[in-house]
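**Student:** With these hints in hand, go ahead and build the complete structure from the sequences.
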Amino acid sequence: MDIRLSIVGLVRFSVLTPTYYSEKFATLADTAAHLFAPDRMELRFRVFERLCLRSLLRQSDQGFHLIVLTAEDMPEPYLERLSRLLEPADNITLMPVGPGVHYKMLKQGYNAVPTEGATHRLMFRLDDDDAVDLDYIARNRRLATGMIPLQGESTPFILANNRGIYLRRSEGPQGVQDEIFDACEKAPLSVGAALVAPVGYGGNPYRYNHRRYAQHWNVVSDISTPGFLRTIHGDNKSRPAQMGITHKMSEAEIAAALDRHFAMTPDQLRAVLP
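Mapping of the sequence shown onto this note's numbering: position 134 corresponds to residue 187, and the numbering continues sequentially without gaps.
Keep in mind that the hints are not guaranteed to be accurate.
Mimicking DMTMM-like on lysine to aspartate or glutamate, the simulated pairs with C-alpha atoms at most 25 Å apart in a straight line are [claimed, not checked]: (1) 160 x 206; (2) 239 x 304; (3) 160 x 125.
Just the calculated beta-carbon pair ranges, DEER-fashion [to be verified]: (4) 309 x 287: 25 to 35 Å; (5) 305 x 230: 12 to 22 Å; (6) 254 x 134: 27 to 37 Å.
Keep in mind the hints are simulated off the structure, nothing from the lab.
Just so you know, these numbers come straight off a predicted model, no measurement behind them.
Don't be surprised by glycine CBs; every beta carbon is placed ideally from N, CA and C.
**Tutor:** Take a look at the structure:
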């Protein structure tokens, strides 16, 4: 089987839509006021630049394309700032979109990258405040290429990174505390989740809630390496929960894993959050 794989990722950066955050805000204006509040924007830029974007710019395999989906209505200084951050990378495209149906925007983003003779696409998702390990693209390329003949060339399937490291900020009687700990999830996580499918397949990894992937697609769970860094802080849209094994690695083991797989120290990771 001649497998030609196109790898496309999508990151949402403060996308404005009436069908996202609708459970929290009554109007689009209320949503925009929240999304583009100066304090929030400073947090999102800081974490995006120091964690998410950093991990993608340092991938050992740069044979992928990333769409950064954002809002046309984002205040101009922020839009220009985001454009400057992404400009040096030839394989990253900033895609401002107007308010519309959320999932249609996501489909538009993935479909903006030409397939150029590919037989299959690997479409991955990543939030702007999380990261994947530096061999993520290379490892998932190998997994996808090996699994396509086994699954059947017309069968879509998910590659899930279920082992990784969390940075969790909490506030208690002693003030703000940042905790770094390991986790091995029992259900697919959103960070770096990828859908592998034939070119022309209509779905993408945002189609279903990531915890329910196994109800809709075959799922391959990869726990061979710490594949993700996930941050938990005051501006998470969802309610992050660890559904699996946690706190099994020592501080020294976590430091070694951060160095090997993310080229970071624990202090650098803690400094991601202001």
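**Student:** Run every hint past the structure and note whether it holds.
**Tutor:** Hint check:
1. The hinted pair formed by residue 160 and residue 206 meets the criterion: a straight-line CA distance of about 22 Å does not exceed 25 Å.
2. With a CA separation close to 23 Å, the supplied pair residue 239 and residue 304 stays within the 25 Å bound.
3. With a C-alpha separation of about 17 Å, the suggested pairing of residue 160 with residue 125 holds against the 25 Å cut-off.
4. Checking the proposed 25 to 35 Å range against residue 309 and residue 287 shows it holds: the Cβ atoms sit about 30 Å from each other.
5. For residue 305 and residue 230, the hinted distance range of 12 to 22 Å is satisfied, since their beta carbons lie about 20 Å from each other.
6. Distance hint for residue 254 and residue 134: a CB-CB separation of about 35 Å, consistent with the stated range 27 to 37 Å.
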